[in-house]
Each structure stands twice: as structure tokens, then as C-alpha cells.
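K.L.:
Sequence order for the protein chains is A and B.
Residue numbering for the first sequence follows the working numbering, starting at 35 and increasing by one per position.
Residue numbering for the second sequence follows the working numbering, starting at 28 and increasing by one per position.
Quick caveat, the hints were computed from the structure, so don't treat them as lab data.
Note that this is a predicted model, so its numbers are computed, not measured.
Certain hints may be false.
What the hints assert, rightly or not - Where chain A lies over chain B, by a calculated footprint (3+ residues, C-beta under 8 angstroms):
1) 35 to 41
2) 74 to 85
Said to hold, decoys possible - Below, simulated SDA-like cross-link-like pairs (lysine to any residue); rule was C-alpha separation at most 25 angstroms, straight line:
3) B/K43 to A/H281
4) B/K43 to A/E160
5) A/K517 to B/D37
6) A/K239 to B/R50
Built from N, CA and C at the ideal position, the CB exists for glycine as well.
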Amino acid sequence: MHGHHGQHGLQGAVATPIRGSAHGHHGHRGHRVDHDGAAGRWIVLVGNPNTGKSVFFNVLTGIYVDVSNFPGTTVDVSQGRWEDDLILDTPGIYGVAAFNDEERVARDIIVQADMVLNIVDAVHMERDLFLTQQLIDMGIPLVVALNMMDEAEAQGLKIDLKQLEESLGVPVIPTVAVKQQGMEALKAAIPNARRGQIDPTLVTKLRSWYGTDDPTPEILLAAEGDEEMAARCGFPAMAAREELYLHRRQRVNDLIARAVTDTRGEGGFGETLGRWMIRPLTGVPFLAGVLVLLYLLIGSLIAQQIVGFTEKTVMVGVYEPFVRGLVGRVLAPDSPLSVLLAGEFGLITMTVTYIVGLLLPLVIGFYLALAVMEDSGYLPRLATLVDRALTGFGLNGRAIVPLILGLGCVTMATMTTRILGSQRERRIAVALLGLTIPCSAQLAVITAMLAGLGPGYAALYTFIIVAILVAVGTVLNLLLPGKSTGLLIDLPPLRVPRPINVVKKTLGKVKMFLSDAGPLFALGSILLSVLQISGGLQGIQGLLAPLTVGWMQLPREASTAFVMGFVRRDFGAAGLLTMQLTPMQTLVALITLTLFVPCIASVMMLFKERGWREAVVVWVGCLVSAFVVGGALSQLLIRG
Amino acid sequence: MTLDMVQRGDTVRILKIEDPQVRFQAIRFGIGEGTDVRCAEKLPAGPIVLRRGRQEIAIGRDIARTISVEAV
């Protein structure tokens, strides 16, 4: 959602030709920077994904930035001050165009830049310098930070900096950002930013097409076929993207041939490990190992030991009696307000216990694990490994990103389905997310409950959910018209994640989760208390009895869990924790709740991203399949 | 022949990429038409990993079928 704020703000800014007044539109998400007066330039950070851009932003501004680097995890723009200038961070991109959301966001900022600080990965100059040359061809003053110089050296790459600087025509500063090397030199070089060597062939072409040999970003992008930029600069868009791209590629290749000597050609152990992750024979066991580690961390250590302490000992043992006592001093125990605050579903009892005692440790654990996978470069390799399997659902490997993110937060994941290449893929992905993917909060409660039952039940649960995922995906792929897009991704080098980045990223995501889940939890608990006070809960329990007791063979109170499930599925799952259920009943209830409708926030996101018709179909589909599958399972397993 | 027919370790020259969107992205990645690349990995019925310099790109099997190459 932040991306949207960013985009709106930026569109507003772009539409205003006078930059001074445009600054006001830029502020978003509390990072608003007041631009008093016309002083100060816009310094825009631009680079390919995984070049360490965020570290530069942090060094310059000191403001924390979420460093998600896998395409699509966030389209967020951070800004901060460095001396008198405004520093703007952009999403990692491979080139400036409008191929996807990230590129559009980056483009709209870049065209307004006074200068660009271009971060280049010294190990991957073939890829990164294409963007550098494009920025130069736009006529923007530039400084290049040639980052990860230590790695390039260790891998036997010899880089002739002088040659590189001459060929590009802009200052090139070698850096190792994570070790703070070269940062002072870089700061000192920023005032020396200058326009580089524009491709002479390009200049000739621009002269013949537009009668100018002094390109602006808008003019270059218009020549590359960007209609929007053409309209802005008043020149017609040319269908010359391919021609210009090929020229630029050739120029960059020649430049690298002059400036870089590869003395080894291979990248050491990281590269070998990367191969192992992709090859099914080694990649599948590796993935299994990752999942086991994940289970040991989240399912075993956190869900049992830590939550056992935080929830039972601290919250239920100490905190709840304490606040009940406080409320009891002021209010009569049966008064509606007392029930609302400190009753069975109380706002300051159950809600706080669930969020702080139960969910918080689990959510932290999950996001830590996800951040490590993201920052290490494992995710794109996982996408490659699972590509074949996902094509069976009409998806490609990239869809593993929303699916895995869904294990964190289905709302976030629904938004991320935008990275998928076609409407068809987005449709399939949101349906799978809504129906079969349990979010971290829900997964946490499920893991805790399954852990109590033993590995056999956990395996059975996983098998059933995966079977449903496969069945639904396959059927959707067969039924939906159209064609899905294929996989085409860059495999960044494997790198050991930086603990500080991982921790910062985790905290950012956890904060987002709390601000998203907190109000919904409160809403849910109020709803339940009101139902309880008014006797509505008994009514619903009675009404649902044929379904819950007759068809699914669960206790009457299980209806409460489903009522809560409408708000959040994990809320419902957590409600099951306190119930006396046989292991088979637990399994049936958990399967039903997993398939149950996504939380209110996800549904709202679903409406926003996919339109009301598709959202209604997904929602009703989840509801129906949850009860059909849960009941069928119960009839099959419990009656034998 | 097409890219899906190459074997791991083969070096081939990219001749033609059908899909314009794939073509543009391939040029940015440095594996556009006319480039020599090595097949670094080939998953059973799955993606093909191409390598040029230190750059590695994974290409799904369906896209690989639409890319013409010749042995070098």
C-alpha cells in the first residue's frame, strides 16, 4: 500500500513542471520532508536489485530503509536529508522503462533528479552498466559507486578504474559499503557529478528525429517508445527501443572488454552452493532442510518453549489476573463494559494475550527467517527450482514469492501478486492464497496445536493442504482461458545476509503486522463480546450446530472459532487452542480454518486488487470449500 | 535449434527471441540476440540457466522453446 502512496505522491509531483511546488506532494508515510525554500538538490539513488543501495541510503541519511530486494516485495520510496539535499531511494531496477510497477516508480523519480548516485555491483558490471549507460544517455549528472570491490577482487576480477571513468565520463568511486570503505570519497565526489559520454550514435539519431542533440530523460525515454514521457516532452514516441537497447548493450560490452579482466571466470564456493540450490537432486533436499530449520525455529523453539512462557506464564498467569483485578475494582464483574474489557474475549485480556503473548514471538520468528532468505539470494533460486512444479498451476517460479509471503501475511502477498506477468496468473495466485495458504499468525497457532499432537498429524495436515493446493491450482489452470507468462529472472550472487539489515527489516515488517492486525483483533474481540452479552453467540452456535456438530463432529463451541475466523483465521485458530478436542477433531478444525475465508484486511486488499466480482467468488469459494472439505474429512476420519 | 534443446555445458549463440518483452529484458541482462552464452544448468523439464561472464539468468522451459540458438 505504501507503494501507492508513493506513486500518487510522485504522479502529483511529476505533473507539476515547477519542482519547487512539487516537493510538497512528495511526503508520505510520515517521512515527509519539508522543503523550505528552493535550496537543495534531489539526489536520487539508482541501482540494480542486490547492489547494496540501501546501505548507501543509510550512510547518507541515517534513516532506516526497508531493504527488500526481491522484485515486488515492496514498491517503496524512502527519502531523507543529506546536508541541504534531498536523498531519494528508488526500487532496484535493471533499466528505466515502464515494464512493471518498480520501473514506473523509479522512472518518475529519476526524470526529476538533479543528479543520480548510481550503485553498481563490481562483480556484475555486464548487467549493471546497461542501466548506468542509460542514465548517462538521459543526460543526468551522475556519480557511480562501484560497490563490492572486495568481492570482485576476491573473485579475480581486475578493474581498470581510470579506463572505466574515461569511457563513462563520470566519477567512479570504488566502495565496500558494508565495511564503510570509500564512503568518504564518495561523499566528496558528489559535488563533482557530471553528465557522461552519451553514445554518439544516439546523439545522431536524436538530432535526426527530434532536432536536438541535448537529451533529457523524457526525450531519451520517448525515443525508446515511452508514450507517457513523449507526451510530457512534446516529441513523438519512436519505436526504436530495440535498436537503442542493442546499441547500448554493444557499447557496454566494449567498455567492459576494455576495463575489466577476469582472471578466473568462476565465482568460488558461493557459486557452487547456488548451483546446488537449483538442481533438483540437491535443491529439493536443501529446501527440505530449510523447511526443517524453519520448523525447528518457529514450530518447536518459538511456538512451544517461548510462547509457552510468554503466553501461559506471563500473560495468562500474571498479566490477565492483574488487569482483571484492576477492572474488578471499578466495574461490577457482569456489567457489559467489564465483559467487553476483561471478559472471555476481553479487549485488554484476550486480545492483548493473543497479540503479545502468542503472535508477536511467532511473527518475529517468521519474518526473521524470511529476511534471511531474501537477503541471501535464496529466493530467486527457489523460484528456479519450483518453476516446473508451478507451471502445472498456470504460474511460473516467481509466484513462489507471493506464495511464501502468504505464509507471512496473506494481505501483503495479495498485493504482491502484481509482480506476476498476466491477469490469469494473478487470478490463480489470489485464489490459492485465499484458500490454502495460512499466514504466519495462523501458521503459528496451527504449528503449536499440531506440535502437541505429534509428527504424524503434522504430516497428515501438510499432505491434505498441499493436495488441495495442487488440486485447485491444476483445475484453475485447466479452466481459466488465456496464457500464462514464463520465467525470466536474474540469479543474484549468494551473499551472507547482514544481521543488522535482517533485524531492521524484521522489525519493520513486525511493526507493519501489528498496526495491521491490532485494530482487527480489537474489532473481533468487541464483536465477540457483544455477541456474548446479547446472547447472539449462543444463537449462532445453535444455528451452526448442524454444520459444526452434525456434519463436522466438533463441539458446539467450535462455531465461536469460525465466527472469529471471519475477522482473522488465526484469531479463529487461536480460539481452538483452549477447547477440549480429540486429535482428529483438532485436525478437522484446523483444516477447515486453514481453508476458511481470508482475514478482513486480505479481503479488502482482494477487492482493491482484483475487483468485487472476483473477490466475492474467492470469498464464497473459500467458505464453501472449507466446510465441504472439513466435513468430508470428518466423516471419513472420525467415523472410520 | 531452440534453447530448450541445449545441454548443460553447451555454449550457444542466441539467434532470435520471439517475445519482444523477453527480448528487451534479455538485452538488459546481457544475453540478447547475437550473444554467446553457456548453459550452466538445465532442470529436468524445468528452467535453463544461462551464464555470460558472472551473470546468470534462469529461463523457463516455455520461453526457451521460443528462442532460436546455434551451437558455437
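K.L.:
So, for every hint listed, does it hold in this structure?
P.N.:
Going through the hints against the structure:
1. Note: the segment 35 to 41 of chain B has 0 residues with beta-carbon separation from chain A under 8 angstroms; the three-residue rule is not met and the coverage is violated.
2. Coverage of the segment 74 to 85 of chain B by chain A holds in this model, with 9 residues showing a Cβ closer than 8 angstroms to a Cβ of that chain against a need of three.
3. Distance restraint check for B/K43 and A/H281: the Cα-Cα separation of roughly 17 angstroms lies within the 25 angstroms cut-off, and the hinted pair is therefore satisfied.
4. The hinted pair formed by B/K43 and A/E160 meets the criterion: a straight-line CA distance of about 20 angstroms does not exceed 25 angstroms.
5. A hinted pair counts as satisfied when its Cα atoms are at most 25 angstroms apart, and A/K517 with B/D37 does not qualify at roughly 30 angstroms.
6. The hinted pair formed by A/K239 and B/R50 meets the criterion: a straight-line CA distance of about 22 angstroms does not exceed 25 angstroms.
Of the numbered hints listed earlier, those contradicted by the structure are 1 and 5.
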